[in-house]
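**Q** Let chain A serve as the given structure and place chains B, C, D, E, F, G and H on it in line with the hints.
Number of protein chains: 8
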Amino acid sequence: MVEVGIIMGSISNKETGKKCSETLEKLGIKYKITVASAHRTPEKVKSIVKEYEKKGVKVFIGIAGLSAALPGVIASLTTKPVIGVPTDAALGGLDALLSISQMPSGVPVATVGVNNGKNAALLAAEIIAVSDREIEEKIKKYRNELRRSTESSVKTLEKT
Amino acid sequence: MVEVGIIMGSISNKETGKKCSETLEKLGIKYKITVASAHRTPEKVKSIVKEYEKKGVKVFIGIAGLSAALPGVIASLTTKPVIGVPTDAALGGLDALLSISQMPSGVPVATVGVNNGKNAALLAAEIIAVSDREIEEKIKKYRNELRRSTESSVKTLEKT
Amino acid sequence: MVEVGIIMGSISNKETGKKCSETLEKLGIKYKITVASAHRTPEKVKSIVKEYEKKGVKVFIGIAGLSAALPGVIASLTTKPVIGVPTDAALGGLDALLSISQMPSGVPVATVGVNNGKNAALLAAEIIAVSDREIEEKIKKYRNELRRSTESSVKTLEKT
Amino acid sequence: MVEVGIIMGSISNKETGKKCSETLEKLGIKYKITVASAHRTPEKVKSIVKEYEKKGVKVFIGIAGLSAALPGVIASLTTKPVIGVPTDAALGGLDALLSISQMPSGVPVATVGVNNGKNAALLAAEIIAVSDREIEEKIKKYRNELRRSTESSVKTLEKT
Amino acid sequence: MVEVGIIMGSISNKETGKKCSETLEKLGIKYKITVASAHRTPEKVKSIVKEYEKKGVKVFIGIAGLSAALPGVIASLTTKPVIGVPTDAALGGLDALLSISQMPSGVPVATVGVNNGKNAALLAAEIIAVSDREIEEKIKKYRNELRRSTESSVKTLEKT
Amino acid sequence: MVEVGIIMGSISNKETGKKCSETLEKLGIKYKITVASAHRTPEKVKSIVKEYEKKGVKVFIGIAGLSAALPGVIASLTTKPVIGVPTDAALGGLDALLSISQMPSGVPVATVGVNNGKNAALLAAEIIAVSDREIEEKIKKYRNELRRSTESSVKTLEKT
Amino acid sequence: MVEVGIIMGSISNKETGKKCSETLEKLGIKYKITVASAHRTPEKVKSIVKEYEKKGVKVFIGIAGLSAALPGVIASLTTKPVIGVPTDAALGGLDALLSISQMPSGVPVATVGVNNGKNAALLAAEIIAVSDREIEEKIKKYRNELRRSTESSVKTLEKT
Amino acid sequence: MVEVGIIMGSISNKETGKKCSETLEKLGIKYKITVASAHRTPEKVKSIVKEYEKKGVKVFIGIAGLSAALPGVIASLTTKPVIGVPTDAALGGLDALLSISQMPSGVPVATVGVNNGKNAALLAAEIIAVSDREIEEKIKKYRNELRRSTESSVKTLEKT
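Residue numbers (numbering that gives the first Met the number 0), protein chains in the order written: chain A, 0 to 159; chain B, 0 to 159; chain C, 0 to 159; chain D, 0 to 159; chain E, 0 to 159; chain F, 0 to 159; chain G, 0 to 159; chain H, 0 to 159.
For reference, chain A alone in the conformation it holds in the complex:
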């Protein structure tokens, strides 16, 4: 079974996609990642969403820059939670951030920060963890590591 379905609007979003998939792997969450464009391959987006739903996907992640219609288009095709990650292809990512977050009432997209593939993965994990005690424990562990890592970064400071 696959729990998270990641779709990138273009292969140019690869780096952000990678941050996303690496974080899911770290949390032991099964995912699939692919490329499909809301504008170039709309039928592909549709078939992937349907295919992923059949595979048991609980959360979708759409990664896109510029007009960044992909996360919203995924959201129009499913009632599963959809996370949108704007990338900074132009204007520092402001165009994509506004496109993804300013969805019309009725069809929400859960927007995370510009290029923040890691947070998309963590949000997906938190959503899955609502009904999965094991994942919840892993997120708590991750947070603790994060806490420790931030705390220990003070040492870097002291060395300089």
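Don't take each hint at face value.
[To be verified] Computed cross-link-like contacts, BS3-like style, restricted to lysine-lysine with a CA-CA straight-line distance of at most 25 Å: (1) A/K18 <-> F/K13; (2) G/K140 <-> F/K140; (3) F/K154 <-> H/K139; (4) A/K140 <-> C/K53; (5) C/K139 <-> C/K25; (6) D/K45 <-> B/K140.
Calculated from the structure, these hints are not laboratory results.
**A** Showing chains B, C, D, E, F, G and H alone in chain A's frame:
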């Protein structure tokens, strides 16, 4: 035969749609206008685009605010020229302007100014006029009227 | 049991909070709504988050304008999914939108559009629906109503 | 006969102009490309527009950064469709994007994304295709290639 | 003889034009004010600039909103100083402010603040005063009045 | 005794923190600098604020990018003056600048410019100098040096 | 003795000035408030700063919109802490916010949010409280009231 | 006699100052260039303005980034025309552009584009040319060269 197909993403875009249809009427261009949302009724958008294409539509106009995915989604479904009109539902329309204009390479949308339904109609007319001498004459007449109207507006100034 | 915990940073966010709670009621989701400020009553935010977690809250919604630290602060206190709603207290809500969405890696907030309390509620419902078939059915029904409502809005157009 | 007339406001827009001309060549559309500035050589712009119209140009493309008055000035001199391409000479291209898109009612410019010479060419092609079945076929073929290229980009992903 | 030539891009800029003309009158500077659009009546703009130059105009003022090409187009037609006043027809006037100020090297426009017709008039007066001692005295008197008016505004404060 | 407590939201703000600490050293002001995140280590922020207050800290400096909640969170925990320094992790620092400055009424943060660690240090010094004649003298000396350095920079100009 | 000196750049900033003075009164802090413009009455600004310094002013507050040079100009004349309050005369106050916060290194201004006269007063109080135990107590009391007021606002919610 | 007085707010504006002085040299206009900061050396700014006025300066040019108060401060000290050049020290120069252009009514600054020292010089020349036939001829010659240079840039295009 219908020459221009106007789709509004929401009935709240009615005023902008009206400026668009009134201008087309003035130029004697046959059009159809409807409401369909890229996010709320994606299948409807698809069926309308197909239906309009069958009716002979040469140019599409998509009117939308906020995430404003509609014009781009129409463009993904047809190779006819698609004109996008951003509306100012939020942030003065900057969100919709960026969403509509910043399309990825390969699938263009012809963006006009915020709320500018009139310019969308005129651009559609100009596109049709490329192969329609009669419409071309009407546009030239319209431009002359516009010129005269601007010139005569000086009188308003003189009266005050 | 309470499923969604809504915290508004100020009573001035009441209208957005209401759109949120009305939508949850419509979907039959149990919620609690209160006011607590990340800056004025940080201890209260902490105690509410702990109290809500004990009551079984699966998703948090933080509503805030301006600096809008509330959703991020909630996210720092829990590993449950946190939805952030920016309100337009100033600058059209751009300040709050950026504050809420641009979270550092490790602590995500699921941002929805400016003032969009309805989408926050629907996103919360979608998250709960990942493990609740009944809510999933209600969301699908809601989407169908939305679709019909959008489709029937064409009639409004025809009347004018 | 020439079908598309491209005018760049400055030789510094050369890269964007090239993306434009290469795409037109790929689609077998005859074009001419030159440099003329709305501010530095306004008479030249006027004579080029008249010359291009005589040569049968159906669509104009104006490429400009900063104040980017060129596309609007072309539009004031012809009733042929005018496509405007903002370039990112400053402020990420936001200045040029606003200048080109926010035309006053009566004189439209069809704006495409920042630096997006390719989309300008494709939009020009779509406009010509309204009355040219052959070009329409070429655009459909181009779209199919685009679709296949996007689909095959998944392989790049798999290799990494 | 006329010293300042004011051109508004549209009669909708009337209020800003009025602030401009009233200030010039106060300073005893002869001016002419008219309406002509860079996009709707480009030939008119050209003929007015030539006519005004013959009448002895030393400074031009162009008032425009949206794309606001007018001041730049005037500047392309004359080597007299051109002052540009952006108006807030949309986006708070940011579109017009960027269009007017971001001129390409070689053809400057002296931009003043959004809707600030008064400052355009004062700047024109300062430019004329470079070779007109009488106007210089009037500007100094105006500044003194301004100083006194600002100083006496404290009394308004004390009354409340 | 420690007079200024500097907290950076992340070790990535090190450069800005350094400009801050170096300036304090130059003015002979005792400080402590550490890393603690409002989102990753909220409890740590709280304990540091309490610890610093016990050590006699008179002014806090919070340095953060993106959502930049840190300065506001410090301000919610103390009634000592809190200075916030936005860093340019994204969008040129506009996100952090808005987050830090747009605090709700009741809990102020003293915001300085993007990446401007030096100004944060000087502002802290000015605050301490309100009741410390010695520091006041040092600031005046610093200002004089600054004045001389600016004045002597003309020589650099002359050499080129 | 006067502890806080408030200078407004224009009488149009009266409302923001009032929020400032009322808050200072509530905290029992002696202040003086006046109008002086960095651009219209620069000498007056200078004489007021000197006069206020003689009267024992510990903190300055400058309130200004648009170019908003006033707080920075005050800061150039004194080494006392200067708080800047941007007002929303245009562009939602973004122009003034950037002008006031983006000071060059060496001369800091403590910027608070747009129109936020209350926070300017509280920040001034916090600065004074660094060496005034009595004011510190009053601020703590104020914060407690704020806390209680925020907590009791929940009742407003319950009534609706 | 000196005709143009250039003041840079910081030696970091050297490149923009150079474009300015080189253009003035080309036009045979006598100028002086120096560094003085509105915030770091306000008295120096004042003495330079007075000194330059005595030397016969007809136009001032102020070059500054960030808060960019310099041009406005110069304008407050003289009734000669003041040209302001924003530089892109941060945020692409948007902060400085707004600071310089959004002057309060009564004290205008003639703003040119970001980093556009050349246009500042040309605008100064145009202002001087109002009463100097010789300079007017030189500007016309410059414009002709500019025209020819733009026209000949087409050849560059043809070669590639």
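**Q** Verify the proposed pairing of C/K139 with C/K25, using a straight-line Cα cut of 25 Å.
**A** Roughly 13 Å between the alpha carbons, so the hint for C/K139 and C/K25 holds.
**Q** Between G/K140 and F/K140, does the CA-CA distance stay at or below 25 Å?
**A** violated, 38 Å
**Q** Given the hinted pair A/K140 and C/K53, is their Cα-Cα distance within 25 Å?
**A** Within the cut-off at roughly 20 Å; holds.
**Q** Is the hinted pair F/K154 and H/K139 satisfied, with a Cα-Cα distance of at most 25 Å?
**A** violated, 35 Å
**Q** Does F/K13 sit within 25 Å of A/K18, going by the straight-line distance between their CA atoms?
**A** holds, 24 Å
**Q** Is D/K45 within 25 Å of B/K140, Cα to Cα?
**A** holds, 20 Å
Going down the numbered hints, you'll see the structure goes against 2, 3, while the others check out.
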